[in-house]
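Q: The chain contents come next:
There are 2 protein chains.
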Amino acid sequence: MKEHSTKQKVQHAARELFYLKGFHGTSLRDIAKKANVNVSLISYYFDHKQGLLEALMIQYYEHYLREIEEVQQQYKGKNPVEAIVRLVEAIIHYKQKNHQFTCFIQRELTLDNMLVREMLVTYLARERYVIENAFLDLLESQPYNQMEKKCLLVQFKGMLNSPYFMPHEWLDYVRWDGSHQSFVNHYTKVIRRWLESLYVA
Amino acid sequence: MKEHSTKQKVQHAARELFYLKGFHGTSLRDIAKKANVNVSLISYYFDHKQGLLEALMIQYYEHYLREIEEVQQQYKGKNPVEAIVRLVEAIIHYKQKNHQFTCFIQRELTLDNMLVREMLVTYLARERYVIENAFLDLLESQPYNQMEKKCLLVQFKGMLNSPYFMPHEWLDYVRWDGSHQSFVNHYTKVIRRWLESLYVA
Numbered sequence: 013m014k015e016h017s018t019k020q021k022v023q024h025a026a027r028e029l030f031y032l033k034g035f036h037g038t039s040l041r042d043i044a045k046k047a048n049v050n051v052s053l054i055s056y057y058f059d060h061k062q063g064l065l066e067a068l069m070i071q072y073y074e075h076y077l078r079e080i081e082e083v084q085q086q087y088k089g090k091n092p093v094e095a096i097v098r099l100v101e102a103i104i105h106y107k108q109k110n111h112q113f114t115c116f117i118q119r120e121l122t123l124d125n126m127l128v129r130e131m132l133v134t135y136l137a138r139e140r141y142v143i144e145n146a147f148l149d150l151l152e153s154q155p156y157n158q159m160e161k162k163c164l165l166v167q168f169k170g171m172l173n174s175p176y177f178m179p180h181e182w183l184d185y186v187r188w189d190g191s192h193q194s195f196v197n198h199y200t201k202v203i204r205r206w207l208e209s210l211y212v213a
Numbered sequence: 013m014k015e016h017s018t019k020q021k022v023q024h025a026a027r028e029l030f031y032l033k034g035f036h037g038t039s040l041r042d043i044a045k046k047a048n049v050n051v052s053l054i055s056y057y058f059d060h061k062q063g064l065l066e067a068l069m070i071q072y073y074e075h076y077l078r079e080i081e082e083v084q085q086q087y088k089g090k091n092p093v094e095a096i097v098r099l100v101e102a103i104i105h106y107k108q109k110n111h112q113f114t115c116f117i118q119r120e121l122t123l124d125n126m127l128v129r130e131m132l133v134t135y136l137a138r139e140r141y142v143i144e145n146a147f148l149d150l151l152e153s154q155p156y157n158q159m160e161k162k163c164l165l166v167q168f169k170g171m172l173n174s175p176y177f178m179p180h181e182w183l184d185y186v187r188w189d190g191s192h193q194s195f196v197n198h199y200t201k202v203i204r205r206w207l208e209s210l211y212v213a
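Top line first, the protein sequences correspond to chains A and B. Note that this note's numbering has the first sequence beginning at 13, numbered continuously upward. Note that this note's numbering has the second sequence beginning at 13, numbered continuously upward.
No distinction is drawn between identical chains; accordingly, a pair holds when it is met within one copy or between any pair of copies.
The list that follows gives simulated cross-link-like pairs (lysine-lysine, DSS-like), each with its CA atoms no further than 25 Å apart:
(1) Lys162 with Lys109
(2) Lys201 with Lys162
(3) Lys161 with Lys201
(4) Lys33 with Lys61
(5) Lys33 with Lys21
(6) Lys107 with Lys162
Hints were generated in silico from the structure; no laboratory data involved.
Here chain A stands alone, though its shape is the one from the complex:
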């Protein structure tokens, strides 16, 4: 129990500090102070800061992919609009629930380093597979050419990620009415309308 909660406190503090100050801008000492644990305990559990980052990223993506792959399985072969809308809901729900770490990960993934490359070939490739398949299923019988499909995909991914990059901007002037689920519902609705308009093009 003690070990469990110390680890969790460290992870919680790290997620918040990485989000606010970036990975390089955060020291193990900052994290220890915020989590109110001894700095040596962080090294004991996670080896070093890079190890802590990796553990957090893996945890984030394992849960994320489990959720979206489950939705994919559940709606396989069903109505393509329904299938992709359920997927969008699952994605936005997960990202919103883990708001700060989602923002942080999107920032990290723009870098070119070993960890990012590992994430790209494992988790990001799986995410892409799920999202692209659902999207191309939707467009299949529609009269779009290859280049249009690619641009629509960029557009679609932009919608999925938009609330989580430049978070300051949204916090400031898109004053969501507070509830997590309300945002997920409203935002999914506008994306759904766009997806439907593509389907009947």
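Given chain A, work out where chain B should sit, using these hints.
A: For chain B alone, kept in the frame of chain A given last:
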């Protein structure tokens, strides 16, 4: 002439290295090596790494805002679809032309530090003003409620930024046919179609 080209070489190298390795991951020594200039010259021109970053950001935003504010003036009071499509073209054209630094800036702006806060209250506020006005002009006589308008705006901004976050992902599987202008044309076209669909909702 000499001074001019040394400064430019340094700026060029810094833009590329910041993009690849991040601001913290890049040293003045890295930049000097890549630009093939003496490291003391960088300090002479830009004081320190932070000064170099500020100079690059200001340069980027000054040019960017000049271009989009010009378009805004030019299409004031004209057809709202035309006005916003021209704006989208100007934005995508500029971001695409400065691809690496655009990606880098989008990453930096997710941090919470003094420079970012300064950028937010000066340049980002002006950008937001231009983009929001054009977008709300488009929606004005349309039957959307406030919450829908906000969600549509998040969606819209996602489209504008999508090609420039997670650049690895796009480089890898969206193989644009090489030409800068071709991408701007195709991508603007799909955004235009979306904007038109909102206007006749």
